[in-house]
Amino acid sequence: MTTEPVLLHGIRAALTSNPWFARLPEPVRADVVSRVRVRMLSEGEWAFCREEMPDGVYAVLEGILRVSSVTLDGRETLLDFYGSGTWCGEVALLAGQRRFFGAQACGNAVLAHVPAADFEALMAKWPVFSRALLQLEAERLSLVLGALETYSSRTTKQRLAMRLLLLARDHGLEVERGIAIGLELSHETLARLTGSTRQRVNNILNAWKRAGLVEHHYGRVLLLDKAAVEKIAQL
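Taking my numbering, I'd label the letters of the sequence shown as residues 12 to 246.
These are calculated hints, taken from the structure and not from any lab test.
Note that the coordinates shown come from a computational prediction; the quantities given were computed from them, not determined experimentally.
A hint or two may mislead.
As the list claims (entries may be wrong) - Below, simulated DSS-like cross-link-like pairs (lysine-lysine); rule was C-alpha separation at most 30 Å, straight line:
no.: 1; residue 1: Lys237; residue 2: Lys168
no.: 2; residue 1: Lys220; residue 2: Lys242
no.: 3; residue 1: Lys220; residue 2: Lys237
no.: 4; residue 1: Lys168; residue 2: Lys136
no.: 5; residue 1: Lys168; residue 2: Lys242
With the sequences and hints as input, model every part of the structure.
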């Protein structure tokens with residue numbers, strides 16, 4: 012089945028918003044796009060679940076994926092939110108293992124799915140694609156090591172500040188009074204993102220609200236004083 016030219020253009024535009032994909036040679040990008048299967052997700056629907064065998068790799072075209080895992084005692088660990096242009100699911104496929112985490116739609120989402128056989132064909136056909144994947148995994152490993160350092164050496168206040176700054180960078184919209192983070196972030200969600208407790212996050216946010224750094228209403232965060240939050244993150 013062929014993909015409509017207009018849809019192909021939209022897929023290409025969304026994927027090219029990721030610098031990693033944009034750096035690939037044009038023939039490689041075109042080959043990747045030609046193998047994409049578009050998948051539509053509704054609110055709460057899973058793109059894939061933890062412990063599943065990988066069926067390919069995914070990239071977000073529209074919407075947001077909520078990425079999570081489960082601890083040994085059965086508690087959910089919220090890892091991140093993936094927006095447009097972000098690729099995911101390649102690690103389990105490359106390792107030949109079950110999924111390490113699950114990805115669930117926050118609201119409606121549109122995904123690009125490259126089936127496992129096509130992904131392997133791309134690696135075999137294009138050595139430059141394989142090298143680019145190595146670079147992508149190296150970058151992600153660096154982020155993981157940085158996150159481990161953050162969790163082991165930073166206070167909850169610093170971790171919360173750093174997480175809000177990252178969310179503002181990836182999902183923020185500049186408005187008159189600051190940066191509005193385009194995600195629903197309850198105290199419980201922020202606690203899971205920072206390895207803290209709901210009460211501790213609530214106390215910190217209340218203090219920051221009194222100081223004029225942030226606003227938090229009905230799960231929506233508005234960053235009022237980015238410079239001050241950056242200073243907290245760097246303490």
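Cross-check of the supplied hints:
{"no.": "1", "hint": "Lys237 / Lys168", "in the structure": "holds, 15 Å"}
{"no.": "2", "hint": "Lys220 / Lys242", "in the structure": "holds, 16 Å"}
{"no.": "3", "hint": "Lys220 / Lys237", "in the structure": "holds, 13 Å"}
{"no.": "4", "hint": "Lys168 / Lys136", "in the structure": "violated, 48 Å"}
{"no.": "5", "hint": "Lys168 / Lys242", "in the structure": "holds, 11 Å"}
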